[in-house]
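Undergrad: The residues making up each chain are set out below.
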Amino acid sequence: MAYSEKVVDHFNNPRNMGSFKKEEDGVGTGIVGAPECGDVMKLQIKVQNDTIVDAKFKTFGCGSAIASSSLATEWLKGKTVEEAGKIKNTDIVQELNLPPVKIHCSVLAEDAIKAALADYKKKEDGKETVK
Amino acid sequence: MDHPPRAASSRTELQMARSMCWHCQSEVAGEYFCERCVKVQPLSKEQDYFTCLGLPRLLTIDATGLENKFYEMSRSFHPDFYQTKTDTERTISLGNSALLNAAYRTLKDPIQRAEYLVRLEAGSVKEIRNQPPADLFEEILSLQDDLEEFRAASGQPSADLTALQAKLQSDCETLEQRQRDMESRLFELFETWDRLQRQTEPTEPVRAKKESVLKEMRELLSNRTYVRNIVNDLVATVG
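First to last, the sequence lines map onto chains B and G. FYI, in the working numbering the residues of the first sequence are 940 to 1070. FYI, in the working numbering the residues of the second sequence are 6 to 244.
The following block holds chain B by itself, in its conformation from the complex (with noise of 0.2 Å):
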């Protein structure tokens, strides 16, 4: 089977692929794993005034992944953390033309912007009670 355009554009040129470090003030760190196949992806934003102003990841997987987190990333970029919170795997799936045996891959992104949006709440709420 054929990879979609897009998919083949974020596989050959990942947008925002590397890493923050997990300790720095207002970074989210996701990480997931599809069992079936074995993919591990890692997903961070970067949060100031409740604004992501970067996201990097890093995926270990097939390119439907790889391109999955990293179009996760280009759209979580200016988002608030609340409308992160409404990213849908289906929407993913449109926009990289997914078949129906990748689609696991798009909820492996959004799965990975929960965590990382979890992870950086429960920072932030420990912040407030080290307060």
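Because the hints were derived from the structure by calculation, they are not lab data. Certain hints may be false.
[To be verified] Distance windows between CB atoms, simulated:
| hint | chain 1 | residue 1 | chain 2 | residue 2 | range |
| --- | --- | --- | --- | --- | --- |
| 1 | G | E143 | B | E975 | 19 to 27 Å |
| 2 | G | P207 | B | T1029 | 39 to 47 Å |
| 3 | B | G1065 | G | E72 | 30 to 38 Å |
| 4 | B | V1040 | G | T56 | 22 to 30 Å |
| 5 | B | Q1033 | G | T56 | 34 to 42 Å |
| 6 | B | F950 | G | L166 | 43 to 51 Å |
| 7 | B | E975 | G | D150 | 22 to 30 Å |
| 8 | G | E193 | B | K1066 | 43 to 51 Å |
Positions of the beta carbon are idealized from the N, C-alpha and C atoms, including for glycine.
Since chain B is already given, all that's left is putting chain G on it; use the hints.
TA: Then chain G, alone, in the frame of chain B:
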């Protein structure tokens, strides 16, 4: 899973439809062919792979027995033998062969067999979703970083590069051993599962034990997949 009662009733309907020959409408007593008109009968699509190959839902399988059964059934259904038959029979032969091939391919490999069984039994387990292995993920990501560093530097030989290569090779061996350990544990669980399946009266403790076996198998299977992937990457780069 969503509507168990409905699923069960549609299955009964299918079995009822199946028990009648599509050609002569007599009750089909034979397994794959009508006893009266000798026409080939469709294998139900609802049938699981174990049932398809006439096997109980056990994890220890005699490979030779399975192969023989597969060849025997293949000969019965192979499309080549139906070229001169009616359209309906040709369609049944194709459908049966496809199902049979998928069943054999899945069950002959112990890992795929276990994955398939865990999926089949998933409906009967309350909370089968395991915690994601956070430590393993961290370990994999850190190894992938090392691999990246190694690939980037592999053009210019240096003492650091040699040291990194040695470290990665030793990591690779450790992980290969871990994969083998997971597989041995998995095969131990095969026997536990089979023993529990053979219990004629499934009491509550037996059910609970089965649930915990399925859960552990599922966890082992997914962790093994993560480990296998990183091992493959390591072997491809420094192996």
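Undergrad: Next step is simple, just say for each hint if it's right about the structure.
TA: Hint-by-hint comparison with the structure:
In this structure the supplied range 19 to 27 Å holds for E143 of chain G paired with E975 of chain B, their Cβ-Cβ distance being about 21 Å. A C-beta distance of roughly 40 Å is found between P207 of chain G and T1029 of chain B, which places it inside the suggested range of 39 to 47 Å. As the Cβ distance of G1065 of chain B to E72 of chain G is approximately 58 Å, the hint placing it in 30 to 38 Å is violated. As the Cβ distance of V1040 of chain B to T56 of chain G is approximately 25 Å, the hint placing it in 22 to 30 Å holds.
Between Q1033 of chain B and T56 of chain G the CB atoms are about 38 Å apart, so this pair conforms to the stated range of 34 to 42 Å. Between F950 of chain B and L166 of chain G the beta carbon distance is about 28 Å. The supplied range of 43 to 51 Å is therefore violated. Checked against the hint of 22 to 30 Å, the pair E975 of chain B and D150 of chain G passes, with Cβ atoms roughly 24 Å apart. At about 47 Å, the beta-carbon gap between E193 of chain G and K1066 of chain B stays in the expected band of 43 to 51 Å.
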